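As given, the protein sequences belong to chains H and V, one line each in that order.
Just so we're aligned, residue 92 is where the first sequence starts under this note's numbering, counting upward by one.
Just so we're aligned, residue 92 is where the second sequence starts under this note's numbering, counting upward by one.
The hints are simulated quantities; they were obtained by calculation from the structure and are not laboratory data.
Heads up, none of these hints are tricks.
Distance condition first, Cα-Cα at most 27 Å in a straight line; then the derived DSS-like pairs of lysine-lysine: (1) V:Lys-225 / V:Lys-436; (2) H:Lys-348 / V:Lys-436; (3) V:Lys-348 / H:Lys-436; (4) H:Lys-225 / H:Lys-372; (5) V:Lys-372 / V:Lys-225; (6) H:Lys-320 / H:Lys-225.
These numbers come from a predicted model, not from an experiment.
Chain residues, written in single-letter form:
There are 2 protein chains.
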Amino acid sequence: MSTDKNAELFELAQQLRVDAVRAADAAGSGHPTSSMSAADLAAVLLSRYLRYDFDRPEHPANDRFILSKGHATPLLYAMYKAAGAVDDEELLTFRTRGSRLEGHPTPRIPWVDVATGSLGQGLPVGVGMALAGKRLEQVDYRVWVLSGDSEMAEGSVWEAAEHAGFENLGNLTLIVDVNRLGQRGPTRHGRDLEAYGRRLRAFGWHTVEIDGHDIGAVDAAYQEVLAVKDVPTAIIAGTRKGRGVAAVEDREGMHGKPLPDADAAVEELGGPRSIRVDVHKPEDVRPRRIAGSGKLELPRYEKGDEVATRNAFGEAVTALGTARGEVVVLDGEVGDSTRAEFFSKEHPERYFECYIAEQQLVASAVGMQARGHTPFACSFASFLTRAHDFFRMAAIGAADINIVGSHVGTAIGQDGPSQMGLEDLAMFRSLHGSTVLCPSDANQAAKLVAAMADLRGIRYLRTNRGETPVVYGPDEEFPVGGSKVLRSGPDDALTLIGAGQTLHECLGAADLLAQEGIAVRVIDLYSVKPVDAGTLRTAADQTGCLITVEDHHPEGGLGDAVAEAFADGRPVPRLVRLAVGNMPGSATPQEQLAAAGIDAQSIAAGARLLVEKAVIRPGSVA
Amino acid sequence: MSTDKNAELFELAQQLRVDAVRAADAAGSGHPTSSMSAADLAAVLLSRYLRYDFDRPEHPANDRFILSKGHATPLLYAMYKAAGAVDDEELLTFRTRGSRLEGHPTPRIPWVDVATGSLGQGLPVGVGMALAGKRLEQVDYRVWVLSGDSEMAEGSVWEAAEHAGFENLGNLTLIVDVNRLGQRGPTRHGRDLEAYGRRLRAFGWHTVEIDGHDIGAVDAAYQEVLAVKDVPTAIIAGTRKGRGVAAVEDREGMHGKPLPDADAAVEELGGPRSIRVDVHKPEDVRPRRIAGSGKLELPRYEKGDEVATRNAFGEAVTALGTARGEVVVLDGEVGDSTRAEFFSKEHPERYFECYIAEQQLVASAVGMQARGHTPFACSFASFLTRAHDFFRMAAIGAADINIVGSHVGTAIGQDGPSQMGLEDLAMFRSLHGSTVLCPSDANQAAKLVAAMADLRGIRYLRTNRGETPVVYGPDEEFPVGGSKVLRSGPDDALTLIGAGQTLHECLGAADLLAQEGIAVRVIDLYSVKPVDAGTLRTAADQTGCLITVEDHHPEGGLGDAVAEAFADGRPVPRLVRLAVGNMPGSATPQEQLAAAGIDAQSIAAGARLLVEKAVIRPGSVA
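Next comes chain H alone, as it looks inside the complex (with noise of 0.2 Å):
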């Protein structure tokens, strides 16, 4: 590359710096130290590598950049301006209220594809798109992740490196902006880019490191990196924090704030520039669709028999499957258990072996949902928490992410609580715009299999281990929201409520129940979120109490939904709630449920209690 190019590449990054200092100043706050460290590294990528058409986000093979070190949106930012895409006005408005330039990328701006924010989750996240460009859509798009060197000690950094190099993924590269300065001080490794080097390269990728300062160098390394072909590549690049202005330049203790005197930084930086890149805008290429039958023919069941609503599942997502494409499902090595494995064996090319590692298991079903498909990503419901920060940025980048976690609650039995989801309704419950569904039986898990597919955000869906009896029709209808009542009189004492494998427990208390002459109402609440606040108030104003059973944490999970259904500042009716207060150990699925109180014996003990002392009466509010 000539030296007049070097030239311009510089000028170019020295606008980045400028526009990062100015952009912060105007918000006075955010990172322009951690912008200027990977301006010269933007600069090239910009205006010499991306394929990138800012007209056309949704352009099927435009390259896809993501901004690991999300705080570094100044420069994020400027590299907009600089495309053209948005204003000097605009970029001004950064941080501010109502402006999309937020302090960390999200997708409300259109060439963001994922939120970015929480560090060392840029490149799982970019693992997920590189495989859907490889394996699904096959286009020769590139993911460019541009991370720092702190974020280099997250877990979920090797998860994605060993994924990554699994699956030869040559459309893949690293940019690392080694500028050694953490938030609070120097990282491990400083600047010995070899340690970063050494470790991806143990992980199957090729690395090319320079100074990320020489704009020379850099080119080289995109061009090295762009002839790698099989394997994932990365540029570990050694620069400096705040590069270009000596009073914050590589110093400790100005991470996260304005440059002390913009003004006078800019003027170091050569003052503000007005270069505009013309971005390369990619080929057209028509990325492969995976044709679906188009018509859905769900699994069906017959009353009364028994089946585990995780068979369910395995049956439906794979009748859905079948019937459109785009569906694509990802477990973690335990896809004999959560029977995610049925899909493998009809649809392997669209079945993705994630191994033991959750947090890419979810990364990468949001790379793919931002690719357009429709992921469904299993594992047990317990080592799904190890996603959970995932799940929160997917939440924050209004991710479409299909979530199945099996073997929940102390039903499972023998293995113990290690292998118990019992924290799960809570965790999902928690997320912003989510949908927790809960199902009961293998028909209703089949429908709700199809129904959450269609929904927007986080659905989760929780199925047991254990076989439950079959006791809905496989014609009845299951709308996300709603729910069933399946024991109801003029005379119900109370209603119980249950879903999953408590669905089963409070029917068979209704049985007991109803031997000693004891009417009550059940209602099946598939739908933890949304809940069916109606029939729920409908049961207080009837029965008068109401009392929740969950295979879950007293927190959180059912009990907590339904309370929260009536905070709305109307009367309330009496509460209780029967959850899973101890610890379990090993024991049968009966002697766990038994123990926990939550099996059909022990509520109706509880009910028979509150009739008996005459604490409830037939339909008296309280």
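Since chain H is already given, all that's left is putting chain V on it; use the hints.
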């Protein structure tokens, strides 16, 4: 080592296999094949290298043995039997109700320090123990972690590898049982031992790769790692799952189930044996104990001053560290934000920088509490979600840890949602046996820091980024499980309940309403779990309506905690919850609170509406 000795060790390994097969057969479930692959490794370790006094599990110089592949309990319990710690009768209670020999190990067993069973946690926790041995106790015990190969895919393993390498933990040995087969099929690397070795070496480890069924090679590997003093070591052992029984050896589909014909298997393994191992006892040593002053001098703040609760935490935990030598602080590279940094300046030898690796942060705390220390682990509340599975397992293992999450809620302002703790209360409330504290002023925060250190289980403290007024005097007491009534009168029309930032918004709302002649009660619910049901009940009886206000998503937090207090079947007050139902962007703290409808004006508007519409009348229980 002599051939005779090898033959003896082989016999012991066969005994471990036989007992593993018998235990799983008696239970009708369990993981004998995963036990059999590691039997030779375990036999040699137990009889020749482990230093452990089974009669004195609290011995300060005992080695620690962590079964990271926690499903291989048949092997662990067979080892206990060989060591004379459990008898054959108890062995055969495996996985039955009431037996301490659960499906996965927990500290109900005196020789188990931490619960395992969620893969990829043993090494991180072992790093915490090794750090304690090296830097705190300065005792020469060794931490042995027996891991599966599947779990090497977990990012947490690589956070641990990085931490151990950086800290030169020569007292830590990882034994990887590379049996090639995960739950559902082959692992990524099969029996490619070098794949694991290369990765670990890149992280600064010394590795030995061996045939894990060659007793002589196993013995030599232990000798080799014991000779390495300056870096962590790994024995990477190629093995065969189900080793020794042809019907299952190295075969897929044999994971997690008893052997098809246990009697034949036992016979094939040479029948039962009754070898008793005299495990080497450690030398008597006196661990270093860091002396504290014994006198706690908490910081004191003046009423009316503006102080961030995170600052009060930092100052209080520093004072606690001065008073008590066993207090240690860990942080995830945000100590300048969480204010853990204050402690690091005063007590650098007890401060552990964990960099941006929240799983390892929490695992280190778990490991250290197992060694008798009192850890406080700190990060942004939002990023603690990264460690959810470690909290879950810590609760199962009854670990005593203090966790501090800063930068909660929308009140952090411009940084936007990725940095806001909006799910933390839900996550921590749903953990078994947890305590959740949300201090509202600096004096209260300081007192709660002192109180939490002496509780059991997981104690969570939620701190604010921004300054809030000091409303309590420095001598006020704040019992865990209590609350404070800050406004109260006979004519209270309703009750406002807040904690942290929202308490101050509630007080502001009360002032606004008072100007209009509407009296309201205000409760500071600083103890979110356990919750002060008595005070809430009184407020409900006297004012008829409770409005909860929280800077948190609507699910699982303060509103749920209050609702749960009324889930006792007695009459329930009218409940209204104000929480962050929107997805915030960037804005100032006050704009954020207003946008979420949880600032003083919004609270007052809601209360006014309820009163004006005559929905609420003072003293009227619905």
